[in-house]
Each structure stands twice: as structure tokens, then as C-alpha cells.
Amino acid sequence: MAYTIIFAPLIGFLIAGLFGRKIGDLCSQIITSSLIFLSAIISCYYLYQFIIGSDVLNFVIFNWISSGQLNLNWSIYIDTLTAVMLVVVTSVSFLVHVYSIGYMSHDPDKPRFMSYLSLFTFAMLMLITSDNFLQLFFGWEGVGLASYLLIGFWFKKPSANAAAIKAFVVNRVGDFGLAIGIFLIYKYTGSLNFSEVFQAVPSLLDKKINFIGTDGNLITYICVFLFIGAMGKSAQLFLHTWLPDAMEGPTPVSALIHAATMVTAGVFLVVRCSPIFEFSPFSQSLIVTIGASTAFFAATIGLVQNDIKKVIAYSTCSQLGYMFFAAGIGAYHIAIFHLFTHAFFKALLFLCAGSVIHSLHEEQDIRKMGGIYKKIPYTYAFMVIGTLAITGFPFLSGFYSKDAILEAAYFSTNSMGMYATSIGVFTALLTSIYSWRLIYKTFHGNYKNESYELDKIHESPPVILIPLFVLTIGAIFAGFVFKDIFIGTDHQNFWKSAIFFKEQFELKHPPLWFLLFTPISGVIIIFATYYFYVRNEKILENLKQTHKPLYNFLLNKWYFDELYDFLFTKPAKAIGSFFWSKGDVKIIDGFGPNGFAKIIKILSDRAVLFQSGYLYHYAFVILIGLTILLTYLII
Amino acid sequence: MNEIPILTLTTFLPLIGVFFLLFLKGEEEFVSRTSGYISLLTSGIVFLASILILNNFNYNNPDFQFVEQHDWIFNFVNYKVGIDGISLSFILLTTFITPICILATINSVKKRLREFLIALLLMETMMIGVFCSLDLFIFYLFFEAGLIPMFLIIGIWGGEKRVYSAFKFFLYTLFGSIFMLISIIYIYFDAGTLDVEKLLNIQINKDYQKYLWLGFFASFAVKTPMWPVHTWLPDAHVEAPTSGSVILAAILLKMAGYGFIRFSLGLFPDASVYFAPLVFALSIIAIIYTSLVALVQKDMKKLIAYSSVAHMGFVTIGIFVFNKQGIEGSIFQMISHGIISSALFLCVGVVYDRMHTREISEYGGVVNIMPKYAVMFMVFTLGSLGLPGTSGFVGEILVLIGSFKYNYWIAFFAATGVILSACYSLWLYRRVVFGKITNEKIRNLTDLNKNEYLILTPLLIMTIILGFYPALILDLISSSVDKVSSNMTDYIKLAGAVK
Chain A
1 MAYTIIFAPL IGFLIAGLFG RKIGDLCSQI ITSSLIFLSA IISCYYLYQF
51 IIGSDVLNFV IFNWISSGQL NLNWSIYIDT LTAVMLVVVT SVSFLVHVYS
101 IGYMSHDPDK PRFMSYLSLF TFAMLMLITS DNFLQLFFGW EGVGLASYLL
151 IGFWFKKPSA NAAAIKAFVV NRVGDFGLAI GIFLIYKYTG SLNFSEVFQA
201 VPSLLDKKIN FIGTDGNLIT YICVFLFIGA MGKSAQLFLH TWLPDAMEGP
251 TPVSALIHAA TMVTAGVFLV VRCSPIFEFS PFSQSLIVTI GASTAFFAAT
301 IGLVQNDIKK VIAYSTCSQL GYMFFAAGIG AYHIAIFHLF THAFFKALLF
351 LCAGSVIHSL HEEQDIRKMG GIYKKIPYTY AFMVIGTLAI TGFPFLSGFY
401 SKDAILEAAY FSTNSMGMYA TSIGVFTALL TSIYSWRLIY KTFHGNYKNE
451 SYELDKIHES PPVILIPLFV LTIGAIFAGF VFKDIFIGTD HQNFWKSAIF
501 FKEQFELKHP PLWFLLFTPI SGVIIIFATY YFYVRNEKIL ENLKQTHKPL
551 YNFLLNKWYF DELYDFLFTK PAKAIGSFFW SKGDVKIIDG FGPNGFAKII
601 KILSDRAVLF QSGYLYHYAF VILIGLTILL TYLII
Chain B
636 MNEIPILTLT TFLPLIGVFF LLFLKGEEEF VSRTSGYISL LTSGIVFLAS
686 ILILNNFNYN NPDFQFVEQH DWIFNFVNYK VGIDGISLSF ILLTTFITPI
736 CILATINSVK KRLREFLIAL LLMETMMIGV FCSLDLFIFY LFFEAGLIPM
786 FLIIGIWGGE KRVYSAFKFF LYTLFGSIFM LISIIYIYFD AGTLDVEKLL
836 NIQINKDYQK YLWLGFFASF AVKTPMWPVH TWLPDAHVEA PTSGSVILAA
886 ILLKMAGYGF IRFSLGLFPD ASVYFAPLVF ALSIIAIIYT SLVALVQKDM
936 KKLIAYSSVA HMGFVTIGIF VFNKQGIEGS IFQMISHGII SSALFLCVGV
986 VYDRMHTREI SEYGGVVNIM PKYAVMFMVF TLGSLGLPGT SGFVGEILVL
1036 IGSFKYNYWI AFFAATGVIL SACYSLWLYR RVVFGKITNE KIRNLTDLNK
1086 NEYLILTPLL IMTIILGFYP ALILDLISSS VDKVSSNMTD YIKLAGAVK
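Protein sequence lines correspond, in order, to chains A and B. Reminder that position 505 of the first sequence reads as 505 in the numbering used here, one-by-one numbering, no gaps. To get the numbering used here, take the position in the second sequence, counting from 1, and add 635.
Everything labelled a hint here was simulated from the structure, so no lab data went into it. It is possible that part of the hints are untrue.
Said to hold, decoys possible - Capping the alpha-carbon separation at 25 Å, the derived lysine-lysine pairs in DSS-like fashion look like this: (1) K586(A) - K933(B); (2) K1076(B) - K156(A); (3) K157(A) - K573(A); (4) K157(A) - K1071(B); (5) K586(A) - K937(B); (6) K573(A) - K937(B); (7) K538(A) - K548(A); (8) K110(A) - K1071(B); (9) K310(A) - K368(A); (10) K933(B) - K573(A); (11) K845(B) - K187(A); (12) K448(A) - K310(A); (13) K156(A) - K1071(B); (14) K1007(B) - K22(A); (15) K833(B) - K845(B).
With the rest of the complex left out, here is chain A (with noise of 0.2 Å):
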């Protein structure tokens, strides 16, 4: 049965991507959602084992690398945490699916489309179930692939390629360091295997050692560099930049691999790795800091974009952070809570999306929004579920698992956890007012779009809305229903061995205000942002220009991709044209071969002129050497 989860996305992949033509779009599309289903209906049963009190389970398909000591096996691994990640993956998968049938109805590359979705499940799937770091990296890489393929399916549009790439290399980057990790713990722990890694981590705690000129502890290192390929992977700051860009992607993508699942991988494997990061304070305290800047830095910037969906990418980036910081302050369980609930809300706010770019005709422009609630009824309830449920409205997935978290940081012992509280009930109050403002401008207010008539959007067909109703329900239940499985006191019995707590996490309660602050004024601000965006647009309009700077500086975002481009984009191209140019042509080549058969020619021009054919010439010269042989010769 695990076969077949994993097996199913792959075989709707080669089924599509191979035969895809042959057999027609429909069917493609039926072939490769109901084998998700099946993938999906299965992940199901398992979680409820798990629920139930189900054991770990290790099913080696065949052995990968070996060589020497290095023994490694393509294997499928479920504990808790991986059947946790099965359900996500596997249900907003197939429901993605389905909604694609739907959205891509006019794209002439339907079959292409559905196996890179299958694709891509595979590569979570394979990432999620593996028993060892070296599979993780192959899923690791694996989605990055896909989303590398997904981001550009529109291959015709520059933009979309130059996104594609990006998100590939930026990736890299943080795989990069993920590699060095994956390196650091194979050399001292001579297995990457995690059980073995994880056994023999507390032989090593006081193991010092000198890395890249510094010296340090070697756990910490590892975290360090491991965590490295978690903001990659995860857009945290720093390693962000592709992921508003990656928003150049068909909808359906960006639910799918940039909101719920592939996105949280870098979570996913911090917290695996929980037996690692639990004994490196220092670790913990970078992902703290990292995790709350990011949650804080992509919330300012999702508060003055104009894209639909980059608002929601930077809602993403935000919400990862704060997983990220539920994870270093050793709250791994909270943080996968928040995975699970974000998944949800999050990829319905982005189908809902899709649904209004659907509707409106390929616009993603908010400022050419506006007023079309009426028009589109049900994905503007669905859409309002869904920022209720991000906003942390009452009762509310998305209302356990931030105020959770939240909680959490405030009983830190961490050294960055009052800044991490701080800085999170801060940035509740800006996701509050980004998802409002979103809500407003879309669908409130005058209609501002003069190329397309306001009476031609209509409602996008029931194969858009049942995916968006499913998700609805989740982004409703999927925080009160399992808060106590997850969370409850007895998570231990859940979680077993699959998380690993240094000491017993207790979850206490937080004096009363605490606990009221953030849904309180996350009423408030609906009312508030309903009148400053609605309303009286005027006020805010002139704080624009009063504080163009700053309006400015968030707009573009910090000015991350300038600065990055000056920094190595084009000293990249520049050092490289200099080595080939001035090295390879000039030097190399100019010194070497050229140079010799440069100084053989002028050589034999030389001993040309001495074959001058007179007989006088070589009389002299006779003559010369005669007379300098008889001197040498005597003297």
C-alpha cells in the first residue's frame, strides 16, 4: 500500500508526459487526479493508523548507492511526521488537480501540465518518505525541478523563464549548503541514514571542530549548514527572492508547490532533524531570528504590493517564517500544526485567486479590481473564509495554530524569544491588514478596469468551486478538529519518536490579555482596513506621497534583487567574460600554442633569408665557420 502513494503520482506522470498526446487531454486529466486520489485516499488510512497508535514503518524498494562505508537505500519511511506531510501533500495535490481541469481548459498543453504535477508530487512524495539524506535530497531537488518546470510552463513568456531559473539557482544555492551539511554529518557520523545519524549525534555534542577557518562545534555546524538549505527552500530572508517571482507560474502551481507543500520542505526538515537541532542553542536562535525577520519582512512588503498573487506569495514567505520560528523555539510540533493548517487556508486563498484571474480574464492587477463580490459570489465567500482563517479569526484553523505559536515563543527559554513574540504578535497585526486590504481592493469598491466590461465576468465553472468548497471546509475545521491530536497534552503519544523534545514540551497558559490581544484587534482591523481602503482612500493615498521613500522601499521589496544583482549576477558575467577573453584567448593561448608557432614562425623567416641560393653567401658562411673552429680548436 505505501508503494502504490508514492508509485501512483509517478505512474500518472509517465502516463501523461509520454503518452499524453496520444490519449487525449481528458483523459489524461482523469488518469492522473484519480491516482493522486488513490495516493491521497491511502495517506488517509495511514494517518489514522498513526492516530490510532500505529507503529514506524520501513520498506527498503531497492539499495541506491553503496560504496564503501556509504550505504544507502531508495526506501519509504512513515512515522507520524511523514503521515502528516502524506495527507498535505497527497489532498491539496489531487484537489489542485482537479482545479487545474478547470483553470487550464484553454491551455493548449493540458497533458504537459497534469505530469508535472504528478512529477512534482512524487519528487514531495519521495522527499517526505525518505529514510536517509541523500533520498531527501533527491527529493529535495526533485521538486525543485518540477517547480523549475511549472514556473516556466509558459515558456513563451520571458518573464516566466528568467523566473524559472532563478528559482532553480537560488535554490541551489541553499542546496548548496544543504550539501555541506549533508557532508559534515557523513564525515563524522559516517552514515546518512537518519536513525544511525540521530543515534550517534549525542556522542558527539562536544565535538569541536575547525570548519572554514573558524572553530566551533560540529553540531552546530551541521544545523547551521542544514538549515541553510531550509531558507532555500523555504524563501526565508536572504534566500527569498524567487519566490514572488516564481508567482509567474499557472495558479495552480503556486497553491500547490509555493503555498502548501513544497515551500514547507525546509520546515519539514528542520523538524525532522529535530534530534540534530535540539542540542545547538546557537542553531535555535538563528532560526528564531531568521524565521521572525522573515515573518516581519514579508509582511511589510505584501502591505504595498499590487499583484494579486504577490501578495499572497508574501503572505506565504511570512507564514513560513513564523513556522520557522515555532521550530527554533523547539515547538516542532506546533510548527507542523501550522504546516498543516496553513496548507489549507493558504492554498485556497491562492485557488481563490486563480479563480478571480480566471474570472477577469488573466488580470492580476488589484488596482484594476474592485466591486466584483457580486459577480462572483462563491469564491468571494470562499475567499473571505480563507483570510479569516489566515488572519487568526476565532475558532478558525489558522486561530489554533498561530495563537500556538504565538503562545509558545511568549514561554520561550530561547534567548531571541521575546523577540520572536514580539515581532510575531507585531506581524499577526500586518497579515490582518495585508489579507484585508487584499479582500477590499479585489472585490469592494468602484470596479477600475476600463479593457474588460465589468459585466463580462462570470462565476468560474463547479470544477473550480468543489476543489475551493474542500479546501474551505479544511481552512474551517482542520485546526479545531486535530488541535488536540497535535497539540493537545498528550502529543507525545502522537508525535512518538518522530520528534525529537530535549525536554518535555509543556504547553502553558498565558495571562488573559495575551490571549485576547491578537483576535481582538484582528477584529478591529477589518473594520479599520474596510474604511482606509474602501472608504476613504484618500488618507492613505497621501501618506503615499508624504513618505515616498519608505512607500518606495517596500514596493520594490527592499531592493533584495537589485542588490543581489549588483553583488553577483553581474560580477558573474563580468569575471567570466575577463577569464576567457583575457585568460584563456590572451594568456593561455597567446603564451602557449599561438605564442610558440609565433616565435617558430619568425624563427624559420629568420633561417629563411640564409637559404639565399648565391653561391657567395654560402662561401662566407663556410668561410666564418671554418676560421671560428680553427680558433676554438687552437686556443
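Fit chain B to the given chain A structure using the hints.
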């Protein structure tokens, strides 16, 4: 099996094909067609013969197998051949790539096809000979004789600047080889034999090892090619016809890597340890430098040629970290590079045959017209950038793991090459395949024909199979590599104890 001299047979089988080709007479078209069939048949039989060898090969025996020995020149040169797992993997690569090359040649070469095929078959003999000779003199003969057909292939069937490139190629490699010849002669006078099996068991005078090592290194470094003696490679590739590039990238370069493992490590362990830092420095420069150079190339073939130099940088690093993962990784990387770079050159050949230009800027939007080609090209591009699941990954990761164990700085710098390879490969792919059609000529292209399918599909299958199941190669080389690496580690321990 012991009665039949199967290695010799396999080595010289292609010459029988050459013999028939020489005596073909008749009309031009008839000659071309028949010579195509004959050479395909010959190389096919050679491939089967090599499979037969594999079937009878004992995986657990680290020593040389199928050894044959005959006196040749009195007391000086013995004809001696034999193989271990390492040689066999390269022989298989040779016999696998040659038929593909011949098919590609038949497909695209229009003038003097027969002569071209003769050159290819001659090359095959030389290359198999290199990998199975167990006598230094024989090795040298095969190693050098291989130059001549390649020189002719570039010089006769090449592009505009073919003469310059052919000479550059010839002189560069000859220049290196002279030093190797001198070293070989010295070894003969010092040890009294050129028998590799015997030489592996005796210690060559330590004082001279360094000079001898440098002599061999001069030749191998040029052929690998290592920075800074790599500049012949891009020129040779650019001017060579497609199948010439394939042979060059897939097999000729591998002779050097094979030579490093067999001779530099085997005969001069002292000097190898001594010079290892030099090799690392040159390889790391090669990886970073040539990757950056590849980034700015405007010619498709040149870009792939430069990426070859970078990939071979991984190979030389892996060999000189002396541990099992490193050496196995190097060999695997060579095999994988042999498959993937051949495929990439063939991919360039496919569009070159149609458009007659290799300028990247002339292309764009090819996927609109040639979707199947785009898929093939994509898989090979991913292999080249070392995506897990392709053979490129296994070699790279083993080399990196091995070198990290040895010295983390090496792995650290080498791994940056992994980022850069993603940049230049994907950027090349994007400019050629994706985007809108800008050049009207692209509209008239046709997708892959049957022959091209036949050529690329085996390479595609191998790329993926080796990515998921690398044991095919790793099992084959394991015990032989064990022997090499344990020799080296013993040796390093011993040297450490003396200090």
C-alpha cells in the same frame, strides 16, 4: 573462456571492418551505404563481444583477468593485455558509444563517409587498446595512435577553422606525450620491465618518482584537460563534426582519467601524495574558472566544451583524494559524463544539421516546433547539472563526499561548481529552446527523425538508469577500486609512520 583470446579479438575486431571498407568498390552511393552497414555491424559485434566479456567477468576478483601475453619485440616489448573492473567499465563505455557515433555519422556526414567510418573504427581499436593494455609501451602506442584518426576527423570533416584546431589539438597532446615517453623509457631502464602488473608490485626509486610522475602528468593533464592546458578542447570541439566531438568528449578525455588511476596512483604513490595539492588547486580553478567562462559563451558547442572541462575537474579531484568514494565517484563521473556530454553534443548536432549555425542567439523557441527534441535536450541538460535521479548526480556526490572526507575546503569550492553548472546549463537551454520564435528559420525545422531517436534514446535510458541504479557500474568497479584505494591508504599510513 581462457582459450579464446577474447580481449585481443575485441580490440582488433574493428580493424576487420576497416579491412572490408578499404576494398569496397563501386558507385559513390553504394559505397557510402554499404560502408555504413559494415561499420554498424562491426561495432555492434564489438559491443556484443564486450558484453560477453562482462558476462564472464568475475566481479569479486580485484586483479587483472583475461590476461594474454606474447613476446613481441625481443626482450623489450611484450604484448600483454588484461582487464580489471576499472578498465572494463571504460571498454563498455567505448563499445557502447561507438555504434551511436557511427549512426550519427551516417546521419549527418555527406562527403567521404567511408573514410570517416574507417577513422572511427580505427579509433575504436585504439581506445579499447588503451584500456586493456598491460604493458606501458603498448599503452603508449595505443594512446598516441588514437591521436591520428582524431586529427584527421577534425582536419578533414571539421568546420571553418578546422586546420588551426586540428593542429592545436595535435601539438598540445603530442607535446604532453613526449614527456610521458621519456618517463616510460626511464622506467624501462630503471626497472628492467614495462609489464604493468610487475611494475605495480615494485617500488620505483623515490627520488625519481616525482619526475616520472610529472612526465605522465604532462600528458594526462593535457588530455583530461586540466586548467591551464585546456584551451585546445573548446577549439577542437567547435570545429569537429558532431561524432568527432562525441568520441572526443566521451572517450578520449577518459583515457587521461584512466591513466591517472592506473599509472599515476599505481606506479608513483609517493609522488601522487606529494603532488595531490597541485592537482586539487588546478582542478578547483578549472571548475570555477571554466564554469564562469561557460556562462558567457555565445557558441553552443563551446559552452558544452567548457562545461566538460569543469566536469573533468571533479574527476581529477576524486582520483587524488585516494579514498574509495572519491575514486569510485571519479570513474562514475567519467562514465556519466561520457554519456551525457555525448548526448549534449548530439543534441547540438541535431539542430546544427538543420540550421547550420551554433550561435545561441540564432535560436530560441525551438520547443514550439520540436517538442520531442526539447524533452531529450532537457533530460541531458539536467543530467549535466547533476540533478539527482540522473547519472550526473551520483558521480558528483561521491566525489564531493570523498573529497570532503579528505579536506573540506576542496569539497567546499568544488560544490560551488554545482551552483554555476545550474546557471549556465539552464540558461543555455532557455535561450535555445524556450521563448518565442524570433528567427523565422526556426519555423521550418522538423522534429527528431527515426535515426535521431535511435541515437538519443539509448543515451537517455542509460542516463536515468545509472541515476537510479548506479550499482551497474559501482559493483563492477568496487573490488578493483578497493585495491587501488587501500594501497594508497596503506601507503599514506606508512609514510606517516616514517615521518
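Evaluation of the provided hints:
no. : hint               : in the structure
1   : K586(A) - K933(B)  : holds, 18 Å
2   : K1076(B) - K156(A) : holds, 17 Å
3   : K157(A) - K573(A)  : holds, 23 Å
4   : K157(A) - K1071(B) : holds, 8 Å
5   : K586(A) - K937(B)  : holds, 17 Å
6   : K573(A) - K937(B)  : holds, 16 Å
7   : K538(A) - K548(A)  : holds, 15 Å
8   : K110(A) - K1071(B) : holds, 19 Å
9   : K310(A) - K368(A)  : holds, 15 Å
10  : K933(B) - K573(A)  : holds, 13 Å
11  : K845(B) - K187(A)  : violated, 31 Å
12  : K448(A) - K310(A)  : holds, 20 Å
13  : K156(A) - K1071(B) : holds, 5 Å
14  : K1007(B) - K22(A)  : holds, 14 Å
15  : K833(B) - K845(B)  : holds, 20 Å
Hint 11 alone, counting from the list given before, is not met by this structure.
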